[in-house]
Amino acid sequence: MTTLQLGDKAPQFELPLAEGGTYSLEQDLTDRPGWRFLVFFRGSWCPVCNQDLKEIEESLSYFEGKGVYFTALSTDSQENSLGMKNEHSLSFPLLSDLTTDLLDQYGAYYHGEDAPYEDHGIHGEAAHYLLDEKGNILYQQQQTSPYGRPSATELRKVVQYIKKNLK
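Residue numbers (the UniProt record's numbering): 1 to 167.
There's no promise every hint is true.
Said to hold, decoys possible - Here are the simulated lysine-lysine pairs, DSS-like style, with alpha carbons at most 30 Å apart:
| no. | residue 1 | residue 2 |
| --- | --- | --- |
| 1 | K9 | K163 |
| 2 | K54 | K66 |
| 3 | K163 | K54 |
| 4 | K66 | K9 |
| 5 | K167 | K157 |
| 6 | K66 | K157 |
| 7 | K9 | K167 |
| 8 | K167 | K134 |
| 9 | K134 | K164 |
| 10 | K164 | K9 |
No wet-lab data here; the hints were simulated from the structure.
Kindly generate the complete structure, drawing on both the sequences and the hints.
Laid out in structure tokens, this is it:
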């Protein structure tokens with residue numbers, strides 16, 4: 001598993017969008033200039049993830065007013081991701097990554113068959129990465145279970161703190 005450090009250039013990637021087409025992080029940083037939160041979530045089946053992404057959607061005007069945009073991704077299928085996106089009217093890109101390659105590149109935890117406890121089968125766990133406008137990592141947080149991840153309110157505090165103290 002990779003260990004990314006603050007200030008590192010985030011791995012670039014292209015993944016399928018829930019609604020079809022392809023998302024490119026590099027292109028997104030050009031199309032939506034500003035900072036980017038990459039939110040890895042467990043899957044559409046996870047009630048905690050559903051709630052977290054709904055809270056982010058409800059806070060989007062705050063974040064976008066600060067020049068911060070969201071992209072969420074999971075190891076769930078495009079079909080399941082699209083159902084979740086539609087059900088909760090999520091307006092930010094929702095991506096499907098059926099491999100573990102991106103999880104490995106970012107150092108996000110993968111709950112595989114070798115995990116020490118059963119937890120809804122095989123899936124990626126929650127992780128948050130805040131990138132600056134050039135794609136450098138400003139903040140990262142990884143989980144090994146569904147609980148303990150930052151809320152939308154806590155993510156606001158992260159943005160406020162880093163913007164105030166950025167060198």
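30 Å limit on alpha-carbon distance, applied to hinted pair K66 and K157: holds, 12 Å
Pair hint K54 and K66, alpha-carbon separation not exceeding 30 Å: holds, 19 Å
Pair hint K167 and K134, alpha-carbon separation not exceeding 30 Å: Holds. K167 to K134 sits at ~15 Å (cutoff 30 Å).
Given hint K164 paired with K134 - CA-CA distance at most 30 Å: holds, 18 Å
Satisfaction of hint between K9 and K164, Cα-Cα up to 30 Å: This hinted pair holds, its Cα atoms lying about 21 Å apart.
Pair hint outcome, K66 versus K9 [Cα-Cα no greater than 30 Å]: The given pair, whose Cα atoms are some 21 Å apart, holds under the 30 Å limit.
Distance restraint between K9 and K167, which requires alpha-carbon spacing of 30 Å or less: holds, 17 Å
Straight-line alpha-carbon gap K9 to K163, limit 30 Å: Holds. K9 to K163 sits at ~18 Å (cutoff 30 Å).
Restraint check for K163 with K54, where alpha carbons must lie at most 30 Å apart: holds, 24 Å
Restraint status (C-alpha distance of K167 to K157 at most 30 Å): Within the cut-off at roughly 17 Å; holds.
Of the hints listed earlier, there is not a single one the structure fails to meet.
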